[in-house]
Structures are given as C-alpha cells and as structure tokens.
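Chemist: If you're matching them up, the sequences are chains A and B in order.
One point on numbering: in the numbering used here, the residue at position 150 of the first sequence is 150, and numbering is uninterrupted.
One point on numbering: in the numbering used here, the residue at position 233 of the second sequence is 233, and numbering is uninterrupted.
Please keep in mind that the hints were generated in silico from the structure rather than gathered at the bench.
Please read these numbers as outputs of a predicted model, since none were measured by experiment.
Be careful, since some hints might not be right.
As the list claims (entries may be wrong) - Derived DEER-like restraints, expressed as beta-carbon distance ranges:
1. B:76 <-> A:74: 24 to 34 Å
2. B:3 <-> A:419: 51 to 61 Å
3. B:170 <-> A:17: 47 to 57 Å
4. B:92 <-> A:250: 46 to 56 Å
Just so you know, even glycine gets a beta-carbon here, dropped at the ideal spot from N, CA and C.
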Amino acid sequence: MGRQLLINDLDKEGIATLAGYKANGGYAALEKALKMKPEEVVSEVQKSGLRGRGGAGFPTGMKWSFIAKPPGVPRYLVCNADESEPGTFKDRYLMQRKPHILIEGMIISSFALGANTSYIYIRGEMMYQFHILEKAIQEAYDAGYLGKNILGTGYDLDLYVHCGAGAYICGEETGLIESLEGKRGNPRIKPPFPAVKGVWQCPTVVNNVETLAAVVPIINMTGDEYAKIGIGKSTGTKLISASGHINKPGVYEIELGVPVEEFIYSDVYCGGIKNGKKMKAVVAGGSSVPILPTELILKTAKGEPRLMSYESLNDGGFISGTMLGSGGFIVMDEDTSVVKNLWNFTRFYHHESCGQCSPCREGTGWMEKILHKFLDGHATVKDIDLLWDIQSKIDSRTICPLGEAAAWPVASTIRHFRSEFEEYINKGEGFKDVKHYFRVNNLQPA
Amino acid sequence: MPKVTIDGQTIEVPEGTSILNAARLIGGEIVPPAMCYYTKLETSGGYCRTCMVKVVKGSEKDPRPMPKLVASCRQPVMDGMEVQNITSPEVVEARAGVVEFLLMNHPLDCPICDQAGECNLQDLGFEHGKEGTRYEFGRREFEKKDIGDKIQLHMTRCILCYRCVKVADQLCPSRVHGVMNRGDVSEISTYIEKAIDSEMSGNMIDVCPVGALTDKTFRFKSRVWFTKPVEAHRNCTKCSGNVRLWFKGEDVLRVTGRKDQWGEVKEFICNECRYDKKSVSDWVIEQPTHVDRHSVISQNHYENLKQIKLDVKKLKK
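Assemble the whole structure, with the sequences as input and the hints as a guide.
Modeler: Below, the structure is given as structure tokens:
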C-alpha cells in the first residue's frame with residue numbers, strides 16, 4: 001500500500017478530538033502557514049498540483065488565484081460537504097473520523113484566500129457528522145485556533161457549519177451558495193462565477209472536503225514534495241470509496257497512479273470480486289461518470305494498462321474512457337444487469353433534478369420511464385434510439401452539470417452494453433423482473 | 001461599443017447587451033425565441049433553453065468558440081463575437097428538442113384554453129417544433145388553484161418559466177409566491193394557499209407565456225381572436241394607466257398591459273385598471289392596436305378595412 005496522508009492515523013486513540021489530533025502532529029501545519037504570507041500558501045498549493053477532489057478535478061491553486069479581490073468586499077471560503085453522489089462516501093468518513101483535519105485545512109485555506117468567514121455546507125442526512133463537526137469547531141474555538149486573533153497573528157476567522165436539507169443539487173457550487181443564503185437550491189446561471197460573485201454576491205471559493213483536508217499535508221511537507229507523489233498531473237493521494245461486488249468494500253487512500261487492476265484485485269485494496277465471480281462493469285468515479293466494461297476499465301483502447309489517475313481514466317474521452325470523478329468506485333459482477341443499474345441511476349437523477357431548466361426537468365423523467373419499460377419487458381428497438389436521442393438533447397444543454405451527469409451514464413451504457421438492452425427487448429414479458437415490478441408498484445408479492 | 005455578428009449580420013450594441021437583445025435589434029428571422037426571458041424582470045431567463053445559440057467565435061481577443069450552446073438571453077456580447085442561430089443545424093435540432101421537452105407534459109388543451117391565440121408556446125411549437133411527439137406516457141396533472149380571487153392557476157399547463165415568481169419577487173412587496181417541490185413535479189404555488197394581495201399581482205397573468213395563469217374575470221368569456229384590441233389610457237395613481245382594452249362589440253371584456261412585438265408588456269399595470277375598470281367611459285381610447293398579420297388575433301381584425309376598401313372601389317366605379 002502506498003503513502004497515506006489523510007487517513008493514515010485513524011487507529012490512533014482520540015484522533016477525532018483536538019487533544020488526540022494534536023498529539024499526532026495536528027495543527028502544526030496551521031502554525032507553519034500562519035507564519036507564511038497568504039500568497040506563499042497559495043503558491044505552495046499551486047506547486048503541489050492539487051486538483052479538486054469533488055469530481056471535476058480543476059486545479060485548486062488556480063481556482064484560488066481566480067478569486068476577485070475588490071477592496072472593502074469580504075471574501076468567503078465554503079466547504080462543499082454535500083456529498084451525495086451515489087457510490088461516494090469518502091467525505092463523510094473523513095469528517096466523522098478526523099474532523100480536525102478539515103477544520104485545520106479550512107483555517108489555512110481561509111487565511112490564504114483572505115476570508116474572515118467560512119462555511120461548511122454539510123448534507124442534511126449527515127446529522128451525526130454535523131454534530132461531530134460542531135463539537136470539533138467548539139474545541140478549536142476554545143483552543144484559540146478560531147475566532148479573533150488566531151494564535152496571536154491578528155488573523156480572525158469564524159467558521160460555521162450549515163446543514164442542508166438533503167438535496168443532491170445543492171452539491172453544485174452555485175446551488176450550494178443559493179441554499180446557504182437560505183433560498184431554494186437552484187443553480188445560478190454562469191457567468192458570473194462564484195470567484196467573482198458567490199455567497200452574498202461576494203467573491204467565494206467552494207472546495208470539496210477532501211481538497212481542503214489535503215491542504216494540511218501540503219503545508220506540512222511543502223508543495224514540491226507533495227507533487228512527487230502520484231503520476232503526471234495527478235498528484236498526491238485520493239480517497240476512493242469502493243463499493244459493489246468486491247470482497248473488501250470501504251474507503252481507501254491511494255497514491256494516484258495505482259493500476260486499476262491492482263486496485264480491484266490486490267488484497268490491500270478491494271481484494272477481488274466476491275464469490276469468485278467475473279467482473280462485468282465498473283463505474284469509476286461516482287454514478288455520473290460513464291460506465292465501462294471490464295476490458296476497457298483494465299486496459300485503455302490503445303492496450304495500455306489503465307491507472308487510477310485523472311488522465312489515464314479519461315484516456316479515450318467518452319468513447320472508451322471515463323473519469324476519476326469523486327472517487328466512487330462501483331464494481332459490478334457478471335450477474336448484474338446494467339440496464340437495471342441504469343434505471344436506478346436515472347431514477348436518482350429524475351428525483352434530484354431541481355426543475356429549473358426544461359431539458360433536465362422533463363428529460364430525466366422521460367428516460368426513467370423508458371428504462372422502466374425495458375424492465376417491464378414492453379420496450380422495442382426504437383426505444384434504444386429514443387433513449388440515445390434524449391440523452392444527447394440533455395447533455396450540455398442545461399444550466400448546471402446535473403444534466404450531463406444524467407446523460408453520461410445513459411450514453412455509456414448504451415454504447416458499451418447495447419446487446420443487453422436488446423436482450424431485454426427479445427425476452428419480452430418473460431424477462432419481467434417480478435421483484436422489481438412489485439417494488440415499483442408498491443405491491444406485496446403473493 | 002462591441003460589434004457582434006449574428007447569422008452573418010453585424011450590429012454594434014452597447015456594452016453588456018445580451019445576444020438575444022442584440023438579435024432583437026437586428027430583427028427578423030434570426031431572433032431566437034424566448035419563453036422565460038423578460039426584459040422588464042431582473043434575473044429572468046436561462047431556464048427554458050429555447051434561445052440557445054452557438055458561439056463560433058468568442059471575441060476578437062479570444063477567438064475560441066464556446067464549447068456548449070449558450071443561452072443567448074443571459075450571455076453578454078463581446079467585441080467581435082460571431083453567433084450562429086438559424087444557420088446552425090445543431091441549434092435548430094437542439095431547439096426542436098427543447099420544444100418537445102416543453103410540450104411533453106403540456107396538456108395541449110388549446111381548444112379550451114383562454115390563452116390560445118396569444119400563447120407563446122403555440123407559436124414556439126408552430127415555428128420550431130416537429131410534428132408529433134415521441135412521448136407515450138402519462139402527463140403530469142395538478143389540481144386547479146385560485147391565487148387570490150382574480151387569478152386562476154392551472155398548473156398543468158405551466159412550463160415553469162419562473163416569470164411569475166420574478167413578478168412576485170420584484171413587483172409585490174411581500175413575497176408569498178414561489179416554486180415548491182423539485183424536478184418535473186415542481187409547481188408554482190403560494191404560501192399555504194395564501195392570496196397575493198399586492199396591487200401589481202395581476203401582471204403575473206400578462207407575463208405567463210402559457211395559459212397557466214389566467215384572468216378569472218375573462219375566463220371562458222371569448223376566444224381572443226373574436227375580441228379587438230385598442231390602446232387606451234386613464235389617469236391612475238398606482239400605475240401609468242397605459243393599457244390595452246379587448247372589445248367584443250361594445251363591451252370591454254378584459255384589460256391587459258400593452259405588449260410589444262416580443263410579447264413583453266411595455267409597462268406593468270395595477271389591479272384596479274385590470275379588473276375594475278371595464279366600462280368604456282373609464283378610458284380614453286387612443287387608437288386600434290397594431291396586430292401582426294400573422295397572428296391569429298388579426299382574424300377579423302381588418303374586416304372593416306377590407307369593407308372600406310371594397311366600398312371605395314365601388315365608389316370609384
């Protein structure tokens with residue numbers, strides 16, 4: 001197993017408390033950072049090559065350098081802890097086990113950005129983690145890491161945890177900002193971007209939990225050292241939430257650049273496929289990235305072994321590649337129906353669409369109904385083409401990326417598993433999944 | 001001032017103008033349709049996606065094309081920008097897709113809808129849609145609701161353009177009107193069925209592009225193309241008093257704001273003018289409204305003119 005920087009000391013006693021965290025070297029990075037200039041912290045993060053861990057993989061240092069700095073206008077840092085992508089559960093794990101690394105990372109980042117107020121927007125369902133964070137923040141206030149004049153440097157910071165109401169769309173950064181302001185969580189139309197007009201119309205940076213936590217080891221070990229971990233432009237370590245038909249599901253911290261094959265079959269990671277079955281497909285980065293069949297996830301279209309990195313997983317674009325996304329690694333064995341899986345994903349996006357722009361509002365529901373038709377055995381060949389046409393009319397025609405997130409799984413499943421759709425059509429009524437039918441129609445099996 | 005080229009026609013517009021407004025200044029076929037954008041309402045637009053255009057050249061400084069189709073109502077023009085609207089097959093196709101999405105859950109009850117004849121969605125479907133729909137499932141339905149005693153909300157027809165929400169937000173002092181739920185079951189609603197008692201609430205009817213919000217004093221009185229519009233005004237303390245009266249015979253059937261050629265009202269009017277002044281003696285009549293000949297409202301509108309022409313011809317003989 002490679003180096004671990006975020007979850008290396010979770011087995012230490014009391015790591016969730018301030019005393020335990022400090023005993024294991026916590027808040028050393030903060031003390032170091034507060035002695036530096038804010039620009040130096042930003043340049044350290046730029047040197048590290050850290051990329052956003054929430055899904056898009058945008059370079060964090062560059063994002064920070066974009067923030068507008070008009071005089072007299074406050075700036076804000078918002079931590080996106082609204083982790084609700086199906087298949088992703090890394091942020092929740094980190095916040096629950098080691099809340100102080102997030103708080104320390106946020107103080108350093110706020111200092112670098114010149115923000116005096118910062119927010120953690122946490123998903124409504126994560127009440128347990130919400131209370132853990134509240135407690136940890138109180139501890140940090142009591143120890144003088146938050147509040148006025150932090151560690152005697154004259155820097156003030158107030159940190160708040162804001163609990164959402166549990167909507168996937170509020171994980172989109174402008175939707176999150178709207179929700180944080182107390183409005184309906186509808187994503188805003190860009191431009192202006194949050195770096196110019198974000199929370200309360202002031203410059204804002206929104207970062208994922210893992211991104212902000214990664215700032216702590218970067219300051220501790222310097223950006224240049226951090227950049228040595230990983231491969232190419234994918235530097236550092238990444239938390240991967242592995243789930244599905246594998247022997248050892250859970251959260252793993254990997255050095256970027258581990259081969260996918262090793263990650264799935266090695267005993268230090270997923271430990272192979274459950275019950276000795278064969279692997280059929282993998283969703284590599286949370287439900288919204290394209291699904292890939294075994295031969296394409298293990299090797300790229302050119303025949304090179306695929307690595308767990310932003311570039312390697314993206315090799316081949318959307319034709320034969322996928323994305324690292326938020327690191328929700330879902331493995332499916334040979335008995336899984338990808339059509340049913342797709343229906344489940346699409347149902348999720350239908351349920352979570354905010355209803356603002358028409359392609360996503362109407363299209364997601366339409367796709368779900370057509371997929372339901374497949375499962376019920378009433379579909380025809382025309383429906384596959386229709387499904388393809390609908391997804392192409394949602395993709396990149398919407399305000400926020402939820403439209404794309406809903407369209408990509410549909411496109412990739414049809415692209416790689418068209419034969420399975422045809423199987424559903426050919427078997428017709430005989431294939432009807434009774435259990436599924438009962439569940440959807442709220443019936444009790446006889 | 002930035003110069004923008006839309007479908008080969010170049011125009012110079014003030015800084016910050018949107019592509020849509022630049023196209024409207026040029027006029028003609030190249031103007032993208034807009035279902036949710038409303039010049040008078042701030043932050044409106046961007047939702048319906050019918051006005052999407054392709055930007056093939058970002059600006060003089062940065063000539064890269066924009067990767068996605070952009071909503072022309074919210075995208076400001078840059079100097080040297082080149083835009084394709086009807087000349088891009090991608091845009092035409094995308095727009096047809098949006099029309100299909102918008103009509104998917106629309107009941108298509110035009111024969112009994114008061115908006116028929118002046119409905120933006122009818123025009124949009126006619127001009128940019130394709131024949132037939134591929135949607136074969138049930139359409140969403142809602143109960144009819146009263147918003148106050150003068151406005152009827154028929155949510156089933158709504159296309160969620162958010163225009164009425166912006167009216168409630170920007171014209172009415174206390175906002176009790178908004179969107180509830182999410183996705184394709186989201187609905188326009190008021191706070192616990194509360195009536196909107198603002199003086200300007202009636203403008204929601206005017207801004208609604210479809211028949212979702214209708215005037216209860218006019219409901220089922222007449223098809224719009226049987227009524228004749230004239231411009232009129234009165235001295236009103238609450239609004240400008242510049243309105244449009246819709247006559248059937250000698251009776252004023254309804255009062256609305258004056259709409260321009262893009263279907264947007266020029267001045268918002270108050271509820272007193274809209275609902276209470278329905279007698280000819282309340283108004284000073286200015287002139288007949290100019291109705292576009294392609295509009296269904298022009299049906300019968302020029303009948304008298306034709307008669308006069310015939311009479312003149314006869315006299316000449």
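Chemist: Could you tell me which of the hints above the structure violates, numbers in ascending order?
Modeler: Nothing - there is no hint that the structure violates, so all of them hold.
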